[in-house]
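Colleague: Spelled out from the first residue to the last, the chains are:
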Amino acid sequence: MDHLTRLEQTSIHIFREAYRCFRNVCMPWSMGKDSNVLIWLARKAFAGKVPFPLLHIDTTYEFPEMYAFRDWATKEHGIELLVRINEDAIRRGVGYATHDPVTVTHELKTLALRQALDEFKWDALITGIRRDEDPTRAKERHFSPRSAEGAWDYKDQPPEFWGQFATTPPPGGHVRVQPLLEWTELDIWEYIRREGIPIPTLYFARDGKRFRSLGCHPITHPVPSTADTLDAVIDELRLTRTSERAGRAQDHHERNAMQKLRAKGFM
Amino acid sequence: MSTLTETDTQRLHVVVVGHVDHGKSTFVGRLLHDTGSLPDGKIEQVKAACAAEKMDFEFAFLLDALLEEQEQNITIDTTRIFFRTDRRNYAIIDAPGHREFLKNMVTGAASASAALLLIDAQEGVMDQSRRHATLLSMLGVRQIVVLVNKMDLVGHREDAFRRIEADYTAFLRTLGISAQRFIPIAARHGDNVVRRSPAMPWYAGPTVAEALDGFEHADDLGRLPLRMPVSDIYRFDHRRIIAGRVEAGALRPGDDLVFLPGGRRSTVRAFEDWPTTTRDVVPTGASAGFTMEHQIFAERGQVAAHPEAAPRVGREFRARLFWLSKEPLLPNRAYRLRIGTQETQAFVTRIHSVTDADTLAAGDAASVPRDAVADLLIRTAKPVAFDLHHECPVTGRFVLEDSTRIAGGGIITEAVQDASPRPGTGPVSGQERAARLGHGAAVLWFTGLSGAGKSTLAESVERRLFDAGKHVVRVDGDDLRAQLSADLGFSAEARAESVRRAAAVAGLFADTGAVVLVTLIAPIAADRAKARKSLARHPFLEVFVDAPLATCEARDPKGLYAKVRRGEIKEFTGISSPYEPPADPEVHVRTDQVELAEATEQVLHAIDEVIREPREDWEV
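Line by line, the protein sequences are chains D and P.
Residue numbers for the first sequence follow the numbering used here, so the first one is 1 and each next one is one higher.
Residue numbers for the second sequence follow the numbering used here, so the first one is 1 and each next one is one higher.
Careful, some of the hints might be misleading.
[Claimed, not checked] Taking lysine-lysine pairs in the BS3-like style, the calculated list, with each CA pair at most 27 angstroms apart, reads:
hint : chain 1 : residue 1 : chain 2 : residue 2
1    : P       : LYS530    : P       : LYS382
2    : D       : LYS121    : D       : LYS155
3    : D       : LYS209    : P       : LYS42
4    : D       : LYS121    : D       : LYS75
5    : P       : LYS570    : P       : LYS558
6    : D       : LYS155    : P       : LYS42
7    : P       : LYS54     : D       : LYS155
8    : D       : LYS155    : P       : LYS47
9    : D       : LYS155    : P       : LYS326
[Stated by the list, open to error] So these bits of chain P aren't anywhere near chain D, every CB distance computed over 12 angstroms:
hint : residue
10   : VAL208
11   : HIS294
12   : PRO548
13   : TYR579
[What the hints assert, rightly or not] What the simulated footprint calls covered on chain P by chain D, stretch by stretch (three residues with Cβ under 8 angstroms from a Cβ of chain D suffice, anywhere in the stretch; the number is not a length):
hint : stretch
14   : 9 to 15
15   : 270 to 277
16   : 283 to 290
These are computed hints drawn from the structure, not numbers from a lab.
For glycine and all other residues, C-beta sits at the position ideal for the given N, C-alpha and C.
Work out the full structure: start from the sequences and follow the hints.
Modeller: Structural data, given as structure tokens:
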């Protein structure tokens, strides 16, 4: 098996274990490239069907194109879609005009997710994080327990070996299932090209710039690029020496911002 | 430079292990830096962060990005970093060396094809140097290169290097393994990491980067017989799809398959891939989804194999096990065993020896402490399909869970013939009885204070099992006292004898294939342990029917507590004689907190797990 096939097949195995071992599974969907790869892998794992709901945590700061893509892809993949917004935070006026990015991310993403968890009582969430995105993500497990408060106990993670995972959520908590952990950014793009997976066109260069990672529009910045096709993006990534999330302001707001966000339940 | 020029499309996983502070993270940081694998600005970013905190820059900080790790200067959890050489892509797994984080080292090392083991030239071979090599040998990591680090601190002297080489080679020999080579390095300065060191002209061997390119991928299991543990059965539409990952061998349409345990057979009709593919083989490591020619009973946990090369099926085997939990592993205590997708309760029935991984001194022991390696016998509550580890590693290894958490891992070294007395030595076998009844036998022992609700719960379970078509018998403690044990009083000896007789009766019923529900206070833990042992031929579930004494006394269904309080009964469990609650019952029911219906479901669920046997005539 080639490298991409091996990654794909391992991810499919993780999907199947999660679907079988948990009662109530949900997959957050950002509409970004990684979460579209997840949908593709889920359909491969389950004979063409996505057998659990997808959750879009709508920060209300998504790029307009992302909403359009969401509605199109929901039909294309036959998805059961849930959309949730932290209405309370919106009412309190939390937003990028008035608040720092770490606070807004916490309110509109992490707390919104926690509200949805309270509402639906999922015992597992399938997420698209990868080890190469951030040093704290590098230390993750494929099955990563979260407490009732959503916290990640990175000091005492369960052992994970021989294809055996932590399949029991802590009391009141849930387990994050992370099928893309071993993939790199380049793997994702090469797989998208090989499989022909639909993704938003914001990833491709327009007027000398493209988005390498997509989040809320006020704090997500395009990088200089002329890569306007899949081939060009892949060629560009082979040569790049800057990090993928360099354009995501909330990661760099303060030292260890990412670790602090993640310990509180951010993806 | 490397003489290996062929490019390799597979990513090779290499774990970096060794004693705490022997410089693993520094080495990996240096390797990334010297191979030009760091993103632009990373060094500057970490240097700036160090300056802000008034700390000296260390290459290790590039990896130990967690704040806690930087403060304590140790790696807490395994991390992995991807980088490439001209030859191929690598995932470097940086595992913690601190003893407390051994479970994380195992997590990191289990997925590796090769290992770099660091030893501090000044300190020499330490306990974790030995322990990590022991675990590598059990995890099946066979390619090991030893890096003797911090050579600058011993004046780059060859004799210091050779002494460690000799010491450690002798140690590895006791494990039956050897290192491919030893390399003297000074990771801090980059000597012999990527760049050859002018300070050690006496060393003519490869640099670490060159040694990496010399590693091979772990053995491909494709040449072994097919093993596909069933992970699920999907019925999203009209199709009934068997899902699983091929762990060894290969799967093709038209293959005849046997599903073990159980033994039902069918033939692969077609792969049900999405999007539709034309693949005609699912190789080792790939996931399969297929339909079958004949619909037979199959379920998660069974192993699909070719009938002429099937795995063993049994309930007892000998194993070598490493234990990672803070709580020691105890014999005759229920653990959850997972082997592939199979799960069952399991008991360690005998500990042959426990090896202290520091010194590799073997000794007798009554339990297996954290981080030790043991040679032991394991008995499972229901039959499992397995191979010996040397025959097929993926179906020859298992994990044990303690309180829902993976607590240890083991490799199966020997299958044990079932020696305990069991139905089946006569003309009718236990399997035949189970096949006729449609389920296996089991003994449930309901223990708890008088008035806790043992009989109420057992009667409710009996009704439900009977209604579900199960062969069920209830052995009531009061009935036994009135008949078989009418001669016994309430002394400690008499109580022990009463428990022994109840166990013997339960065993006879279970031998007929029944699910036996025993309700008996059996206040002494040692008596219950003896009962469990005498019934080892059947799955045995201890059901702790638990309610506070005050609750039991308030209920007082037989008016016994009132008699005790009036002084009409002298010896009474919980008041004038002790009740030793089970330390680790298979089922724990708090009858003061849950309704009878819920408690019943709890017990039924546990029974279902141990008596499920596929029926001969089961058709879909």
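Colleague: Any hints from earlier that this structure breaks? Give me their numbers in increasing order, please.
Modeller: As far as the earlier hints go, not one is violated by this structure.
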